[in-house]
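Participant: With chain A held as given, fit chains B and C onto it using these hints.
Protein chains in written order, with this note's numbering: chain A, 4 to 669; chain B, 641 to 834; chain C, 91 to 379.
Covered stretches of chain B, as calculated for chain C (at least 3 residues, CB under 8 Å):
{"no.": "1", "segment": "678-691"}
{"no.": "2", "segment": "763-774"}
{"no.": "3", "segment": "794-808"}
{"no.": "4", "segment": "818-825"}
Here are some, though not all, of the chain B residues that point toward chain C, as calculated from beta-carbon distances under 10 Å:
{"no.": "5", "residue": "THR662"}
{"no.": "6", "residue": "TRP714"}
{"no.": "7", "residue": "ASP737"}
{"no.": "8", "residue": "LYS754"}
{"no.": "9", "residue": "LEU757"}
{"no.": "10", "residue": "ALA758"}
{"no.": "11", "residue": "TYR782"}
Since the hints were made in silico from the structure, they are not lab data.
All values reported here derive from a predicted model rather than from experimental measurement.
C-beta atoms are modelled at their ideal positions from N, C-alpha and C, and glycine is treated no differently.
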Amino acid sequence: MARIGVFICHCGENISATVDVVKVAEAIGQLEGVAYSTEYKYMCSDPGQGLIRQAIIDHKLTGVIVGACSPRMHEPTFRKACAEAGLNPFLCEMANLREHISWVHEKGDATTNKAIDVVRMLVEKVKRNHPLTSIKVPVTKTALVIGGGIAGIQASLDIANTGNQVILIEKDPSIGGHMSQLSETFPTLDCSQCILTPRMVEVAQHPNITLYTYAELESLDGFIGNFKARIRKKAKSIDEKLCTGCGTCTLKCPTKKIPSEFNEGLGNRTSIYVPFPQAVPNKPVIDRINCTYYKTGKCKICEKVCPTKAIRFDQPDEIIEVAVGAIVLATGFTVKNTDFFPEYGYGKYKDVITGLQFERLASASGPTLGEIKRPSDGKKPETIVFVACAGSRDPAKGIPYCSKICCMYTAKHAMLYQHKVHGGKSYVFYMDIRAGGKNYEEFVRRAIEEDEVNYVRGRVSTIYEKNGKLIVKGADTLLGGVPVEIEADMVVLATAGVSSPGSEELAQKLHVSYDSYKFFAEAHPKLKPVETNTAGIFLAGACQAPKDIPESVAMASGVAGKIAGLFSQNELSREPLIAVVNRSAPPVYSTCVGCFLCQTACPYLAIEKEEIKDRTGKIIKSIAKVNPGLCQGCGTCVAFCRNKSIDIQGYTNEQMYTEVLALLND
Amino acid sequence: MAHESNKNAETKGLIGEISKNTGVEIIKCYQCGKCSAGCPLATEMEYSPSLAMRMLQTNTSDYDEKLLTSQTIWLCVTCEMCISRCPMDIDIPKVMDYLREKSLNRKKVNPKAKNILAFHKSFLNSIRRTGRLYEIGLLMDYKARTLTLVQDLSLAPGMLLKGKLNIIPEMIKNRRLLSSIFKKTILKKKEESL
Amino acid sequence: MTLGFYPGCSLEGSSREYSESVIALAKAFDIELKQIPDWNCCGATAAHNLNKELSLSLPARILAIAEREGMDEVVVPCAACYSRLTVTQHELNHDSELKKKVSGHIEMEYKGTSSILNVIQMIEKYMIDKLENKITNPWKHKVACYYGCLLVRPHDILQFDRVENPQTMDIILKKIGAIPIDWAFKTECCGAGFSVSRTDIVGKLSGNIVADATDRGAEAIIVACPMCHSNLDMRRPAINSYLKKNITAPVLYITQAIGLSIGLSEKELGLQRHFVPVTFNKIEELSNK
Numbered sequence: 004m005a006r007i008g009v010f011i012c013h014c015g016e017n018i019s020a021t022v023d024v025v026k027v028a029e030a031i032g033q034l035e036g037v038a039y040s041t042e043y044k045y046m047c048s049d050p051g052q053g054l055i056r057q058a059i060i061d062h063k064l065t066g067v068i069v070g071a072c073s074p075r076m077h078e079p080t081f082r083k084a085c086a087e088a089g090l091n092p093f094l095c096e097m098a099n100l101r102e103h104i105s106w107v108h109e110k111g112d113a114t115t116n117k118a119i120d121v122v123r124m125l126v127e128k129v130k131r132n133h134p135l136t137s138i139k140v141p142v143t144k145t146a147l148v149i150g151g152g153i154a155g156i157q158a159s160l161d162i163a164n165t166g167n168q169v170i171l172i173e174k175d176p177s178i179g180g181h182m183s184q185l186s187e188t189f190p191t192l193d194c195s196q197c198i199l200t201p202r203m204v205e206v207a208q209h210p211n212i213t214l215y216t217y218a219e220l221e222s223l224d225g226f227i228g229n230f231k232a233r234i235r236k237k238a239k240s241i242d243e244k245l246c247t248g249c250g251t252c253t254l255k256c257p258t259k260k261i262p263s264e265f266n267e268g269l270g271n272r273t274s275i276y277v278p279f280p281q282a283v284p285n286k287p288v289i290d291r292i293n294c295t296y297y298k299t300g301k302c303k304i305c306e307k308v309c310p311t312k313a314i315r316f317d318q319p320d321e322i323i324e325v326a327v328g329a330i331v332l333a334t335g336f337t338v339k340n341t342d343f344f345p346e347y348g349y350g351k352y353k354d355v356i357t358g359l360q361f362e363r364l365a366s367a368s369g370p371t372l373g374e375i376k377r378p379s380d381g382k383k384p385e386t387i388v389f390v391a392c393a394g395s396r397d398p399a400k401g402i403p404y405c406s407k408i409c410c411m412y413t414a415k416h417a418m419l420y421q422h423k424v425h426g427g428k429s430y431v432f433y434m435d436i437r438a439g440g441k442n443y444e445e446f447v448r449r450a451i452e453e454d455e456v457n458y459v460r461g462r463v464s465t466i467y468e469k470n471g472k473l474i475v476k477g478a479d480t481l482l483g484g485v486p487v488e489i490e491a492d493m494v495v496l497a498t499a500g501v502s503s504p505g506s507e508e509l510a511q512k513l514h515v516s517y518d519s520y521k522f523f524a525e526a527h528p529k530l531k532p533v534e535t536n537t538a539g540i541f542l543a544g545a546c547q548a549p550k551d552i553p554e555s556v557a558m559a560s561g562v563a564g565k566i567a568g569l570f571s572q573n574e575l576s577r578e579p580l581i582a583v584v585n586r587s588a589p590p591v592y593s594t595c596v597g598c599f600l601c602q603t604a605c606p607y608l609a610i611e612k613e614e615i616k617d618r619t620g621k622i623i624k625s626i627a628k629v630n631p632g633l634c635q636g637c638g639t640c641v642a643f644c645r646n647k648s649i650d651i652q653g654y655t656n657e658q659m660y661t662e663v664l665a666l667l668n669d
Numbered sequence: 641m642a643h644e645s646n647k648n649a650e651t652k653g654l655i656g657e658i659s660k661n662t663g664v665e666i667i668k669c670y671q672c673g674k675c676s677a678g679c680p681l682a683t684e685m686e687y688s689p690s691l692a693m694r695m696l697q698t699n700t701s702d703y704d705e706k707l708l709t710s711q712t713i714w715l716c717v718t719c720e721m722c723i724s725r726c727p728m729d730i731d732i733p734k735v736m737d738y739l740r741e742k743s744l745n746r747k748k749v750n751p752k753a754k755n756i757l758a759f760h761k762s763f764l765n766s767i768r769r770t771g772r773l774y775e776i777g778l779l780m781d782y783k784a785r786t787l788t789l790v791q792d793l794s795l796a797p798g799m800l801l802k803g804k805l806n807i808i809p810e811m812i813k814n815r816r817l818l819s820s821i822f823k824k825t826i827l828k829k830k831e832e833s834l
Numbered sequence: 091m092t093l094g095f096y097p098g099c100s101l102e103g104s105s106r107e108y109s110e111s112v113i114a115l116a117k118a119f120d121i122e123l124k125q126i127p128d129w130n131c132c133g134a135t136a137a138h139n140l141n142k143e144l145s146l147s148l149p150a151r152i153l154a155i156a157e158r159e160g161m162d163e164v165v166v167p168c169a170a171c172y173s174r175l176t177v178t179q180h181e182l183n184h185d186s187e188l189k190k191k192v193s194g195h196i197e198m199e200y201k202g203t204s205s206i207l208n209v210i211q212m213i214e215k216y217m218i219d220k221l222e223n224k225i226t227n228p229w230k231h232k233v234a235c236y237y238g239c240l241l242v243r244p245h246d247i248l249q250f251d252r253v254e255n256p257q258t259m260d261i262i263l264k265k266i267g268a269i270p271i272d273w274a275f276k277t278e279c280c281g282a283g284f285s286v287s288r289t290d291i292v293g294k295l296s297g298n299i300v301a302d303a304t305d306r307g308a309e310a311i312i313v314a315c316p317m318c319h320s321n322l323d324m325r326r327p328a329i330n331s332y333l334k335k336n337i338t339a340p341v342l343y344i345t346q347a348i349g350l351s352i353g354l355s356e357k358e359l360g361l362q363r364h365f366v367p368v369t370f371n372k373i374e375e376l377s378n379k
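Okay, chain A solo, but in the shape it has when bound:
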C-alpha cells in the first residue's frame, strides 16, 4: 500500500508567483496513495528538509515527491534528507515546477493545472519505485600520465608525492617536451633546461613513478577507478638494462645527416641517437626508418663498438597491460611550420623560420651553440623581423583563435636577439600585445623601452627573397596603414599553436571529447578546466588549448589534487540508475534470448556476454549482462531489446508507461 508524501515548494516567489502551490498541494492530497501533501516556502532550507524527515517518520511514508526546482539543483539534498530519516534515497524524486513550469509560463489556471498534472504523473511513477543501493566500484590507486612535457612531469611528481603510483608514458625517446627545446623562458629569462632538468631527473628517480619513454597508448578499456591500459613500448633496439649511456654508438654512427627533430630541422643527428645531452633517460634509440642496417642489412657499427653489447637489432615492440584508476592527458601541442604560409614563400626560404626554430638557435646547446646565425649561410643577421600572429587570429587560414603565448615569446626573442647581436636592428610586426600574466606587461615594455625593439603595428602581407635579403612588406596601421618595407636578414614567424598530431586518434581511443581544432575538451570552460566529460580522465597543459608554462604547471597540480581526492577513497560510489537484464529462476533464467542487439547499440561498450552453465560446466544459454561500472543509463539498449528483457533501474518501462497513462487518463 503506497504512502507517498508530497511537498510543494514556493521557492520564495519563483514558483508561487506563477503557480498556485496551495491548490497543487490540495489536489495531489486527494489522490489515492498520497498519505501527506503540503506546501512550504523553501523546501531546500534546513526547516524544509526537517519537514520531510519528520513527515517520513510521522506518516510512515513509502515514497517522497518534492515539487520544486530542477533535480540537477537539489535532488542530492532531498535524497540525503530522506536517507537520514531511514527512507531509501531512490524512493525520493523531484518534479520540476520551476524551470519547466513557473519560469516558462504566465500565471493562470492552465499553469497551475500543468503543475498538478506533472506531480500526478510522478506520484504514479514513485508508487512503482524500488529501493536501490549505490554501486560501489573499487579504485586502483595508480595514475597513467600520457605525455612527458612539463605538464606531464609536474602531474606525475605531484601525484607521486601523495603516495600514489604513477605510470608516465612519453612517445619521444626522452621526456621534457617543448620546454626542453626553449632557450630562456619569459618573463624571468630563466634558462629553460636549467629549471626543467632537475624535475626530469626527479621523475626518473622517484620511487612511485614508472617511466616508459618511446611508448604510446595502444588501447584503453574500463571506467573510472578501473581502467585497463595497453601500452606499446616501441622497440628502442637497445637493452636498457645493459646500456650505460656512454654515447660511443652515437659518436661512431656513420649516418650523421638526419634532420634532428629536437633541433626543428636546423641541425642533424645520427640514426642511433639521444635527442639532447640532458635527455632522460639518457639512453639512445635507433631510428629504424633511417638506419642503414634496417634499409640495407649492412653497417652494425654501433653493435661492434658498444662496450656492454647492448644493441638489439631484432628487438620487437612490447605491449604491456597496466591497471590504472585515473588518466591524465598531457600530450601538449605543436606549432605550424613555415610551409603553411603561401604568401611567405611556402617554406622555401631558409632564413624564414618559426619561433621554435629560433629557440634552438638561441639555445646554448643548439645547432649554433646559442649564436643567432642565418640557416642559409651561417652569417649573423644584422636586421631581423619578427612576425606575430602568423596564422593565428586568421579565419581565412582556418585558425580564428589566438595562440596566447606568441606575443610574449616574440618579445623574448627580440630581446634575446638584441642581447646577442649588438647593434642589430629588430622589428616586430604585431596586431595587439597580449601580455596578461604576472610581470608580463613589464617584460614587453622592457623589450620596447630598454632593448629598443621596433614594434610596428600591422601585419605582413608578403615576404620574398632578393639578393640574399628577405623583403618584408608590412604596414603601420597606427600611421594610417602606410606600407612599411624592410630588407631583413632573417624573419621569425610566430606561427600558430595547434594540437599535436595524433590527438584525434588518442581522443577516440579514450572516448574523450575534442573541439574542431582537435584540442581536448574540458568538462566546463569555467568551473571544470582540468576534467573531461569522461569520468576519470583529466587534462593538463597545452593539449587543452595553447598556454604558457605557469598555466600548464598549475593545471597539472590541479589535476594531481583531483586525483588525490579520487584515490583518497577505497571505493567509488555510482548511481544505480543503470540497465539490468532480467533474471529469473531456472529453467528460464532470463527472458533474454542472447541476440546481443543491445551490445551493438551500447555507446559505452557496457554490455557483456554472460554464460549460464550447469553444474558440469556445460553452457545452458548465453545472455546479455550489463557492466554496472560502465553503464551510463542512457536507455538505448532498452529501446533496442526486442522482447523487453533489459530495463533501467529507477526508470523502468512500466514506470514510464504509467506516467504517460496518468497524464492521458485525466
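Facilitator: Just chains B and C now, kept in the frame of chain A:
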C-alpha cells in the same frame, strides 16, 4: 565628431548600406593592415585600404564623405590583392566598386581623379555607340574631357604602322540593345550622356 | 574540334598579335576557334568601376549568346575579359533576383552554364599532351612568367592555379625548353587600366615588375593578358623613365612562345607588332645552345 554605434538597423553611415547591398561585413575588419601592406597603390592613396575600412567603421557622415570624395577609391585598380590576403575575407574591391558608383552618382568625385574617371567614361561612351571599343574614338573623347591634347600622340604612328589601330570602328549589329542596356543601368538617373 | 571564342576589344585592335598567335596556335593543334556572333565589349574595368548592373549586363549578353549558339566552352584570351565573364557568371548564379533583372536588360535568357577558359586552361586541356611531339625549335630562353592579377584572383571564384607563386605557365614554358625563373612579382599588378589616365603609375608598377624579372636574369617576360602586355611593352618608355635605365627584354604572349617552339613563323605570331623588339642578346643565345 563622435563615432556612432553600428547597432540599430537604421544605421546612418555607409557601413550599413554596404552590408545590405553588397553583403560585405566591414565590421569584421580588425585593422591588421595586411591589405595596405600588399596594395600596389597604397603609397599614392591619401587613405590606405585599411584606413578606409576604419573610416567606414566610425559610421559617421564626416568620414563617409571624406572617403567618397577621396582619390583613394579611384586609384584602386581592383587588382584583388587585398582580399586574397585578408584574414577576414573582406571583399574590399567590391566595397571600392560600390563607393565609386556612389561617388559618381552623388557627383562627389575628387578633382584629382578627374583623368581616371574621364578615361572610364570615354571608354563606356565608345562602347555605347558601337558595342566594341573604338580606340581612336576613346582617345579623342578622353582628350576632349581632359585637355591632354599631346599625350600619347607619339604612339599613334607606331600603332598605325604595326596595324594595332583601327581607323574604322567595329560595330556590332544590335547597337539598339547596347543603348538600351545603358539606359536601363548607368544612364537611368542621368541625362543622356555620361 | 571547335571551341567558342571571345576575343574581346583589345585582341581586335591594340593587341592584334595576341589574337593572331592564339588562332595560329589553335590551328596548329587542329582547333577551330569560333567567335561568339555579334559579341560586345565586356565592359572591362570601366563598367564595374562605374555601375554594377552595367558591369554584369555586358558580360551576361556575351555568355547568353554563347549559350544560345550551343558553345559549352568559351576561350577568353584576355585576362580582364576572362575575369569579368567568370565573375559575372558566379554572381548571377548566386543571386536569382539579379539574374532575372539582368536577363531583362539583355532581353535574352541567361542560364549561366558555359565553361569559361582562359588561354592557359585551353593549352592545358587541349594542347599539352600533344605538345612534346610538335616541338621543333626548343625555345631555350630564361623567362619570367608573369601572371598578373586577374588570372589567379579572386581565387574563390576563378579556381585557377594558386594565388601565391602560381605554376601553370611555368610548367608549360618548361615543356617547350624554356627556363622559367623564380621571381617575386609574378602576380603583382602592372597598373592595369591606368595606361592612359595615369601613365606614371604604370611606369612605376610595371617598372618594378620588369626590374625584378631582369635583375634575376630573365631574357623575356611571358604574359597571358593584353593589358599586361601593353603596359610592359608599349609603355616601356614610361618604365625606362621610372627606372632610369634602358631595359630591352621583350614581352611575349605565351601563345607566341609556344608557337615559336613548334615552328610557327614570327609573322604568323605577330612578333613584329611589338614595341620592344623581340630579339635576344647574342651572348645569351649562344649560352643556351
